[in-house]
Amino acid sequence: MEPCAECGAPMDPRSCDELFQTLLALDHARQAPWGPLHGVSVACFLLQHPSRLPADNGARAWALLHAYLAGGLDEVNQLVGRARRGNSHRVKGGPAPAVRDTALPHRDAPPSRFSATIHDVAVDGSFPSAEFTERVTAWAAATVDAWS
-17 MEPCAECGAP
-7 MDPRSCDELF
3 QTLLALDHAR
13 QAPWGPLHGV
23 SVACFLLQHP
33 SRLPADNGAR
43 AWALLHAYLA
53 GGLDEVNQLV
63 GRARRGNSHR
73 VKGGPAPAVR
83 DTALPHRDAP
93 PSRFSATIHD
103 VAVDGSFPSA
113 EFTERVTAWA
123 AATVDAWS
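So that you can map any letter, position 48 of the sequence shown is 30 in the working numbering, and since no number is skipped, the others follow by simple counting.
Check each hint, because a few of them may be wrong.
As the list claims (entries may be wrong) - Listed next, with one range per pair, are the computed distances between beta-carbon atoms: (1) Gly63 to Pro(-5): 36 to 44 angstroms; (2) Ala11 to Ala91: 34 to 42 angstroms; (3) Asn59 to Ala112: 19 to 27 angstroms.
Note that these hints are calculated values from the structure, not bench results. Predicted model, so just to flag it, every value in this text is computed and none were measured. Ideal Cβ placement from N, Cα and C applies to all residues, glycine included.
Please construct the entire structure, taking both the sequences and the accompanying hints into account.
Here's what the structure looks like:
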């Protein structure tokens, strides 16, 4: 089977898409360790599969990964909290920017190989809870390293 055209991971036996859907199901159960790392996991996946990046071209995902690597989930929760407050209809003068000084580096083309991908986080395809946080941290670091 050919490797993933975007992240370079071998797609045997499951594709990146299939693994991502499995991970999202675990995330949405809101149970640790998967649920609290939902935003980090989505950011990693999007930046490693840039054809899916939203209109902001990955700026929020990039900021979220930097927040996570700098200060863990506490920093991510602060970033998300600022974004939610900024998007409130109660804020006068428009929403406050959620992303500060963390623009995605310009590249002629996105990276095509990463030292850790969703396949590494999935282990056997089930995303086991043992050491899940450590695998996600390695995934985040590999994503930032490849884009930097």
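Holds or violated: 36 to 44 angstroms for the Cβ distance of glycine 63 and proline -5?
holds (39 angstroms)
Range first: 19 to 27 angstroms. Now tell me if the beta carbons of asparagine 59 and alanine 112 are that far apart.
holds (24 angstroms)
Between alanine 11 and alanine 91, is the Cβ distance one that fits in 34 to 42 angstroms?
Holds, at about 36 angstroms.
The structure agrees with every numbered hint stated previously.
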